[in-house]
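Asks: Residue 4 is where the sequence shown starts when you use this note's numbering, and the numbers rise one by one after that.
Careful, some of the hints might be misleading.
Stated by the list, open to error - Here are the simulated distance ranges between beta carbons:
# : residue 1 : residue 2 : range
1 : 143       : 8         : 52 to 62 angstroms
2 : 95        : 51        : 35 to 45 angstroms
3 : 107       : 65        : 54 to 64 angstroms
4 : 129       : 104       : 17 to 27 angstroms
5 : 15        : 107       : 22 to 32 angstroms
To be verified - Under the rule of at most 16 angstroms between Cα atoms (straight-line distance), these lysine to aspartate or glutamate pairs were calculated in the EDC-like manner:
# : residue 1 : residue 2
6 : 51        : 126
7 : 47        : 122
8 : 114       : 126
Worth flagging that the hints you see were computed from the coordinates, not collected in a lab.
A quick note: this is a predicted structure, and the numbers were derived from the prediction, not measured.
Cβ coordinates follow ideal geometry from the N, Cα and C atoms, glycine included.
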Amino acid sequence: MMLAQLLRNFDKIFPPQIALAHCDVPCGIYKAEPSQTAAETVVKMVEKILALPKENPTAGDRNTFVRCVLVKEQHAELCKKEVLILWTDFFKSEHLQKWPNLHEMVWEAAKLCSENKREVSLERAKELLAKVEAIGEMLEEAQAAAKK
Numbered sequence: 004m005m006l007a008q009l010l011r012n013f014d015k016i017f018p019p020q021i022a023l024a025h026c027d028v029p030c031g032i033y034k035a036e037p038s039q040t041a042a043e044t045v046v047k048m049v050e051k052i053l054a055l056p057k058e059n060p061t062a063g064d065r066n067t068f069v070r071c072v073l074v075k076e077q078h079a080e081l082c083k084k085e086v087l088i089l090w091t092d093f094f095k096s097e098h099l100q101k102w103p104n105l106h107e108m109v110w111e112a113a114k115l116c117s118e119n120k121r122e123v124s125l126e127r128a129k130e131l132l133a134k135v136e137a138i139g140e141m142l143e144e145a146q147a148a149a150k151k
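Can you build the whole structure from these sequences, using the hints too?
Replies: Below, the structure written as structure tokens:
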């Protein structure tokens, strides 16, 4: 009884925190699609923003602008998260032998995610998509080689 009370008091002082992960088991499920879809969404949102009227925007135009910016931000962040998961959880040192530029590719993709949150540039959005697709190709090739 005293131990149970002690543990309850400990939980009050140091409440348990929720831990989120994908996933440190590891589950072995690594796919490029989430980062690619997120990058494609960034491109699409930039296109929609740039297509909005510059002169005399309506309330609907302003609403669309705000929503597109929000979605662009969310998907740029999601893209960064997914790319970093591949980098930290899937890719290993042996992959650097085949792709010595892997670290630089991931770093550039992560930086492009941040840049796409800060600005509205179709060129930068397309650069992000190309970088993420290249990382996806590396992933697919590494997974295919592991199955042999």
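Asks: Next step is simple, just say for each hint if it's right about the structure.
Replies: Quick rundown of the hints versus the structure:
no.: 1; hint: 143 with 8: 52 to 62 angstroms; result: holds (55 angstroms)
no.: 2; hint: 95 with 51: 35 to 45 angstroms; result: holds (39 angstroms)
no.: 3; hint: 107 with 65: 54 to 64 angstroms; result: violated (39 angstroms)
no.: 4; hint: 129 with 104: 17 to 27 angstroms; result: holds (20 angstroms)
no.: 5; hint: 15 with 107: 22 to 32 angstroms; result: violated (48 angstroms)
no.: 6; hint: 51 with 126; result: holds (14 angstroms)
no.: 7; hint: 47 with 122; result: holds (14 angstroms)
no.: 8; hint: 114 with 126; result: holds (14 angstroms)
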